[in-house]
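Asks: Residue numbers (the working numbering), protein chains in the order written: chain A, 1483 to 1801; chain B, 1483 to 1801.
Hints are computed from structural coordinates only; laboratory data are not their basis.
It is possible that part of the hints are untrue.
To be verified - With a straight-line cut-off of 30 Å between C-alpha atoms, the simulated BS3-like cross-links for lysine-lysine are:
1. A:Lys1769 x B:Lys1716
2. A:Lys1769 x A:Lys1603
3. B:Lys1607 x A:Lys1708
4. B:Lys1769 x A:Lys1716
5. A:Lys1769 x B:Lys1509
6. B:Lys1509 x B:Lys1708
7. B:Lys1769 x A:Lys1607
8. A:Lys1716 x A:Lys1561
9. B:Lys1769 x A:Lys1603
10. B:Lys1509 x A:Lys1707
11. B:Lys1546 x A:Lys1539
12. A:Lys1716 x B:Lys1603
13. B:Lys1603 x A:Lys1607
14. A:Lys1603 x A:Lys1541
15. A:Lys1707 x B:Lys1707
16. A:Lys1722 x B:Lys1509
17. B:Lys1708 x A:Lys1708
18. A:Lys1572 x A:Lys1603
Said to hold, decoys possible - Covered stretches of chain A, going by a simulated chain B footprint (3 or more residues, C-beta under 8 Å):
19. 1531–1544
20. 1632–1641
21. 1699–1711
22. 1761–1775
Don't be surprised by glycine CBs; every beta carbon is placed ideally from N, CA and C.
Number of protein chains: 2
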Amino acid sequence: MTNAITRLFNITYPLVQAGMVWTSGWKLASAVSNAGGLGMIGSGSMYPNVLREHIIKCKAATNKPFAVNIPLMYPDIEKHIEIIIQEGVKIVFTSAGNPSSYTSILKEKGITVAHVVSSSKFALKAESSGCDAVVAEGFEAGGHNGREETTTMVLVPAVVEAVKIPVIAAGGIATGRQMLSAMVLGANGVQIGTRFAATEEASCHRGFKQMIVDSREGDTLLSLKKLVPVRLLKNNFFIKVREAELRGASESELTEILGRARAKKGMFEGDLDEGELEIGQVSALVKDVRPAASVVEEIMREFAVALENPLFDTPKTII
Amino acid sequence: MTNAITRLFNITYPLVQAGMVWTSGWKLASAVSNAGGLGMIGSGSMYPNVLREHIIKCKAATNKPFAVNIPLMYPDIEKHIEIIIQEGVKIVFTSAGNPSSYTSILKEKGITVAHVVSSSKFALKAESSGCDAVVAEGFEAGGHNGREETTTMVLVPAVVEAVKIPVIAAGGIATGRQMLSAMVLGANGVQIGTRFAATEEASCHRGFKQMIVDSREGDTLLSLKKLVPVRLLKNNFFIKVREAELRGASESELTEILGRARAKKGMFEGDLDEGELEIGQVSALVKDVRPAASVVEEIMREFAVALENPLFDTPKTII
């Protein structure tokens, strides 16, 4: 299939693998790109030299387009941008910050830029900053999230109505039916994180992958709203945060509880009790760890079936 | 169209108007039923004699099926059940409580019973209690809500997978595209509240209807989580609740701030500053107050168009 998103990124399917800290390195990104989606290196947990290494390895592992995700609040962002330009990366997804700062610099170098937003207000800002597309990411998504808590079902139509550039839906999407559901809302493609964290190529810890598989509805909650809201998988660390929040703990107390390098501890080193585990609500629907290519294939097979028969129990064209 | 839900309720469209306190009396319910959906009287804000009056008037105003919604935590529930049986109501939607208590009593009288749930665990409970259908209501919905905060995009597939009885999706649905989107996830129909609150026949205050029309993304937030979580439209009362919650206010303090009859004050009497205003996130997409029949017609027209062309920008059958 071709549409605004497949053409923009020159990919086979309008399916983007989200950049995820400690999870999406060159192995996952190249596997997804080779399978016809858009793979993405998540630079938020990488030192500049590590990012460069991942880009070089990704270029060697695929001749298909891939992207790099840059959280705009990353402290070493200037170096990341420099490396991305030096290494000839063609697609960048920015997130968690103001797109007006870096979009024009990237665009001048011929880089295609998409920006992740949690509201149509931010989507309009991204559009006027020159972004080529926006990712409309709902409340149910993993990791850092917006303060307005607008869900994918409401956010996607709002963003589609607000902007003229293509819209990629994110948050709560792990299956082909969910992909079609999001595109029915007007999105031109989807960005999927959680489902790809539970793949063999994901660089997060094996124990974390198993926790994703084992997790059920209600096992994640948007937390740390007084700092930057982040959707956490429930564990001992979560319980500590929760207790503090319920008694009205201050920003500084929460910052202290969070401490440093806790995401690495949890997602990369596999301390499943005391680490910070970021994942989306849809982890409840993820049932196995498998190769990324097989995830892409299954989603697109299910998407095709759903497109042929959008309603489960009803023959079409009966209205 | 016919499917499991149109057959179950003997209605034209698989579109249910949600029971809403101070908002859905006989006028709204009969208007929606006459337009081919399933109208519903919301009994949660009615004294027993008021409920009886609404049922009698609804029967006079339509010969189509309509339903009554009963929150199972309502103090006078026994009387409500008695009236429903006496007046020959054929369809009941229960919510906010344990379905095992009353489902069999209603079923014995030949009443069709649906129960509103916020998780697949509760959906299984409803199924095993003998309910004929479940409403899977996501986090984005207005009014009282589940503690797990699972959104429509994630909840609906989870519930569809868990139960064999038909599933009605609710939360974040106000347009025909959103209706199709929810049904692509496996729902057999949808329940729509917010959009019907902004109709001429809704019994809520005109000023509240205008606030729904004027509201934008981020103008509602799930609140009072230490009591029963409820999605509130932001106003002075909301700000007081919010301040208290951020400093960790106790249950009893929040109960005191809430006080008594605050929903009536806001939604019915039109005290838009100090009243409790319950509405869904999708109010951001509602742009006018109009007759309920025209809402049903527009949604079903948009649904039909969307079904013919599920993807906005892409011709079908291209995979």
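Asks: Against this structure, judge whether each hint is valid.
Replies: Hint check:
1. A:Lys1769 x B:Lys1716: The hint is violated at about 39 Å.
2. A:Lys1769 x A:Lys1603: violated (36 Å)
3. B:Lys1607 x A:Lys1708: violated (36 Å)
4. B:Lys1769 x A:Lys1716: Judged against 30 Å, a Cα distance of about 39 Å means the pair is violated.
5. A:Lys1769 x B:Lys1509: It is violated: about 47 Å lies between the C-alpha atoms, which goes past 30 Å.
6. B:Lys1509 x B:Lys1708: violated (35 Å)
7. B:Lys1769 x A:Lys1607: holds (23 Å)
8. A:Lys1716 x A:Lys1561: violated (34 Å)
9. B:Lys1769 x A:Lys1603: holds (17 Å)
10. B:Lys1509 x A:Lys1707: violated (42 Å)
11. B:Lys1546 x A:Lys1539: violated (66 Å)
12. A:Lys1716 x B:Lys1603: holds (18 Å)
13. B:Lys1603 x A:Lys1607: violated (41 Å)
14. A:Lys1603 x A:Lys1541: With a Cα-Cα distance of about 35 Å, the restraint between lysine 1603 (chain A) and lysine 1541 (chain A) is violated, given a limit of 30 Å.
15. A:Lys1707 x B:Lys1707: holds (14 Å)
16. A:Lys1722 x B:Lys1509: violated (50 Å)
17. B:Lys1708 x A:Lys1708: Distance of about 18 Å is within 30 Å: holds.
18. A:Lys1572 x A:Lys1603: holds (27 Å)
19. 1531–1544: Contact hint for the stretch 1531–1544 of chain A vs chain B: violated, 0 residues under 8 Å.
20. 1632–1641: holds (count 8)
21. 1699–1711: With 5 residues in contact (Cβ-Cβ under 8 Å with chain B), the coverage given for the stretch 1699–1711 of chain A holds.
22. 1761–1775: As far as the stretch 1761–1775 of chain A goes, the hint holds, because 4 residues have Cβ atoms under 8 Å from chain B.
Hints 1, 2, 3, 4, 5, 6, 8, 10, 11, 13, 14, 16, 19 from the list above are not met by this structure, while the remaining hints are.
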